[in-house]
Structures are given as structure tokens and as C-alpha cells.
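Using UniProt numbering, you'd call the opening residue of the sequence shown number 1 and step up by one each time.
The hints are simulated quantities; they were obtained by calculation from the structure and are not laboratory data.
Here a beta-carbon is modelled for each residue, glycine too, at the ideal position from N, C-alpha and C.
Treat the hints with care, since some could be wrong.
What the hints assert, rightly or not - Straight-line C-alpha distance at most 25 Å; calculated SDA-like pairs for lysine to any residue:
(1) 23 <-> 79
(2) 23 <-> 51
(3) 23 <-> 41
(4) 23 <-> 55
(5) 23 <-> 78
(6) 47 <-> 7
(7) 23 <-> 68
Unchecked claim - Cβ pair distances, simulated, as ranges:
(8) 31 <-> 51: 12 to 22 Å
(9) 51 <-> 18: 39 to 49 Å
(10) 74 <-> 31: 14 to 24 Å
(11) 49 <-> 23: 16 to 26 Å
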Amino acid sequence: MGPVGDLFGSMLYPAIVDVIGRKNTILLIAVPEIVSMSMIHFSYYSKMLLYSARFIGGLSEAACFTIIPLYIGEVGVFR
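Work the whole structure out from these sequences, hints included.
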């Protein structure tokens, strides 16, 4: 389920970046990651909860791989 979240997240986050900016989007990446880890912690008896948590974790992983390189490219100093 994580790769499915990656797929949807890589299409979702560029639109969010254009609206609220790269730095604020990077700060918001923590929210789905915390939710995902909390759901994994409580998913001992529920496979559906675990699958949902992996999907949400994939969303935040996609944000890390699409937004952070953009932000570093803007902030970094060329030598």
C-alpha cells in the first residue's frame, strides 16, 4: 500500500506546493507521518488499519521525494 500512496502523493503534493509554498508543505509532511505511525501502533488487530496507515505513510514519503529536492535547490548556494 505504500507505493500506491507514493503514486497519489506524487500527483497531489505539487499542487499543494504551488498554493502554500515549499517550506510550509515540508512542515506539513510531519502530520501524515505522525498519523501513519500512530495508526501502525494501534493496528495490532486490524489489517485494514495497517493498510490505511501504509497508504498515508506513502503519501508523506512521496512528499519527501518530490518537495525536499525542490526546496534544497532553491535554498542551496551554487559554487
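Output the indices of the hints that this structure fails to meet, ascending. Result: hints 2, 3, 9, 11 break, sorted rising.
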